[in-house]
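In the working numbering, the protein residues as written are 104 to 777.
Please keep in mind that the hints were generated in silico from the structure rather than gathered at the bench.
Idealized CB from N, CA, C, for every residue including glycine.
Hints are not guaranteed to be accurate.
Mimicking DSS-like on lysine-lysine, the simulated pairs with C-alpha atoms at most 30 Å apart in a straight line are [what the hints assert, rightly or not]: (1) K188 <-> K765; (2) K627 <-> K596; (3) K627 <-> K677.
Across the chosen pairs, the derived CB separations fall in these ranges [as the list claims (entries may be wrong)]: (4) P712 <-> Q544: 44 to 54 Å; (5) Q425 <-> P189: 40 to 50 Å; (6) E663 <-> H486: 25 to 35 Å; (7) E490 <-> E466: 52 to 62 Å; (8) R362 <-> D709: 47 to 57 Å; (9) E490 <-> Q425: 14 to 24 Å; (10) E493 <-> Q425: 50 to 60 Å; (11) S675 <-> K704: 36 to 46 Å; (12) E120 <-> S675: 41 to 51 Å.
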Amino acid sequence: MDEFRDSIARITIDGAEVRGTGFLVAPDLVATALHVVANRDDDPPSFPPGAIQLHFPGIDPPIKAVVQAVNRDADCALLRCVDAKPLATRPTLVLRELSYPGDVFTSFGYPDTQFVDGMVWSGKIRDPNAQLTNFFPKGQVPYRPVLQLFSQEAAAPGAAPQGLSGAPVIVGAAVVGLMRFALMRAGTSAAGTLYACSAADIVALAPTILSLRPGPAQTVIITPAQIEKLLPLLDVAFASDLTSLRRVVRFSLGAEAERSLPAARSLTEYATGLLEILQQQGPGTIGVLLRGVLAARPTNELKAFASDISPYALEPVDDHTQVQDTHDDCLADTIGIALTELTVLRDRAEFQSIIRSYRADFERTRQQISILAKYKELHSCLHDVQEKFEQISETVNRMKDGEAVNSYVRDHVRFLHAAVTTATSQLAGLPTADRERVWIQELDDCAAILKSVIFPQAEDPVDDSKLFGVPDRLEQTLSAATELNRDLVETAKFVRLDNLGDTMRLVEQQLGDVLQPDALQRLKDGYVAVGRLRARLSGLVAEHDEWQELNTALEAARNERTKHQPQAKFTSWKLFRNQLVGLCGTFPSELWAADLTAMMKPWMADTPPPEPRLATSAEKLDNQFVDFYKTCVDRFIDVDDELNRLCRRIVPFGLPLTVLTKLRQQPTQAAGQG
104 MDEFRDSIAR
114 ITIDGAEVRG
124 TGFLVAPDLV
134 ATALHVVANR
144 DDDPPSFPPG
154 AIQLHFPGID
164 PPIKAVVQAV
174 NRDADCALLR
184 CVDAKPLATR
194 PTLVLRELSY
204 PGDVFTSFGY
214 PDTQFVDGMV
224 WSGKIRDPNA
234 QLTNFFPKGQ
244 VPYRPVLQLF
254 SQEAAAPGAA
264 PQGLSGAPVI
274 VGAAVVGLMR
284 FALMRAGTSA
294 AGTLYACSAA
304 DIVALAPTIL
314 SLRPGPAQTV
324 IITPAQIEKL
334 LPLLDVAFAS
344 DLTSLRRVVR
354 FSLGAEAERS
364 LPAARSLTEY
374 ATGLLEILQQ
384 QGPGTIGVLL
394 RGVLAARPTN
404 ELKAFASDIS
414 PYALEPVDDH
424 TQVQDTHDDC
434 LADTIGIALT
444 ELTVLRDRAE
454 FQSIIRSYRA
464 DFERTRQQIS
474 ILAKYKELHS
484 CLHDVQEKFE
494 QISETVNRMK
504 DGEAVNSYVR
514 DHVRFLHAAV
524 TTATSQLAGL
534 PTADRERVWI
544 QELDDCAAIL
554 KSVIFPQAED
564 PVDDSKLFGV
574 PDRLEQTLSA
584 ATELNRDLVE
594 TAKFVRLDNL
604 GDTMRLVEQQ
614 LGDVLQPDAL
624 QRLKDGYVAV
634 GRLRARLSGL
644 VAEHDEWQEL
654 NTALEAARNE
664 RTKHQPQAKF
674 TSWKLFRNQL
684 VGLCGTFPSE
694 LWAADLTAMM
704 KPWMADTPPP
714 EPRLATSAEK
724 LDNQFVDFYK
734 TCVDRFIDVD
744 DELNRLCRRI
754 VPFGLPLTVL
764 TKLRQQPTQA
774 AGQG
């Protein structure tokens, strides 16, 4: 849901008491419910005289829109943005078929309950082929199909869904419908029931512009009987502690998965809903969840269960670099092979009919991977400068002493020029290009100063203050690595890999009868690996975010010089302690977790003991904190390096995506089995 919010708008009309929701379905088209912008009782519908305003997050002033197409019976409309340039970087939401009930959906809109910032509603699709009768002044008009939904938020006391009309109904990563009606009683929703028009009705408003993606076939990854067996095993293993299970989900599947069921009050309720969500995401993620569960709570009963459902879950979660790298290499290689298989199919007419609905998604993912690669290259560039920093500093110090070091200076100049060239080549299309130019220019200036030592100019003699200031300038430049790393992590959060797995899954389902068995198996292996890699990336980003927050508190504590008791150094020791204990408890078998748990054992009280009176006691506490600080920072660096290596493995996916996004628009039939 997080990646869609910037493409969902609050809708108002000048001079009218109107508020609704709409979402971007094409670069300049927004879908909404017709009754948000028109009076449906009139035939044809009548429209208020005021301008329609689209309030997208982060865009001010709002964007004006005009009505382009409507369906009175389905209660849906398309609005065309008068000026869509501010939306150029906003993703369009994909429209997809829905053919069976039971899917979990989420929606984001601006109901009366929260009309300023918007809110998420969620629930289940009860009936994808329901009928809803329109009560018009001139008679009743039944309409089918509409989606009948049940929402926990709509079922809550006092729920006021007005304003949610026009919000997208999202299943997985695609929109299957648009909110249009709620059963109401006394101004609030009744029975938690909502209705939505189908995505097909939206596409029918602009069939030459919009396309409807086929829905994947329903697959059973874990049966209801297996879920019933798993729930008590989880309850016992976690001692009914919902918070601990949520942590496992966050660091295995990512923060969005962990937040997907905010209303759950018990471990069993949460686990039941989560398994339903993972089931519809397709193969791969349930195995990742079980792998994380076993890392945190390796009971024999859970191991036996996992061996039947997903033997992958028995693979160890290990802090040894070689173990994780081997695991990640295997996933990335499997996905790369499957993507290559898709490019082999590119001339088949049946394949092109599938890929056309994914082309925009692929292009967006390709762009995200391109940005990720640029940040990765810039981060590596500064890392190389950091490694060379001591040598350059030593050379400058030797020049202060009058030593002849021109050969070393030449090497440093070549190195800095190469770094500047490499970094500059990454700036095209980078959101933070202007910021990066500042430190790149600093590197170039330092290279020019060092070069002047080798080739002095009579009219411009070497300035010793500038020369001897080179190490300080380089050290200041290295501080840009922190912002680069943050941007790399933020970019990694939003790299959409799900469309890769969905495509492989759909091709396997629709073209399975005509593909060679080995090609079919490569696609099956590919979409399972995509599910696992997506989860791995999201979980690692969540762990990185957690360590980033802990590191901020640690740095503040390290700068506290007046206190010696470790607990007293923190502004909120209890919060820090609980976060770190929870993190260690999620990975209890890893060495860093065991070390930190042992170090924290004497510090578990909410309040610190009195400050020591003896200098030797104070020194001992200070040394203990230094060891604790170093162990925490070492783990943060390890997670950071792990995330960087994982991002590097994703970058090669960009090449086959480029091939797939450049397929001919008109399909052609080609022979062969692929």
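Checked hints:
no. : hint                      : in the structure
1   : K188 <-> K765             : 24 Å, holds
2   : K627 <-> K596             : 25 Å, holds
3   : K627 <-> K677             : 47 Å, violated
4   : P712 <-> Q544: 44 to 54 Å : 52 Å, holds
5   : Q425 <-> P189: 40 to 50 Å : 48 Å, holds
6   : E663 <-> H486: 25 to 35 Å : 30 Å, holds
7   : E490 <-> E466: 52 to 62 Å : 36 Å, violated
8   : R362 <-> D709: 47 to 57 Å : 27 Å, violated
9   : E490 <-> Q425: 14 to 24 Å : 22 Å, holds
10  : E493 <-> Q425: 50 to 60 Å : 28 Å, violated
11  : S675 <-> K704: 36 to 46 Å : 20 Å, violated
12  : E120 <-> S675: 41 to 51 Å : 45 Å, holds
Hint compliance for this structure: hints 3, 7, 8, 10, 11 are broken, all remaining hints hold.
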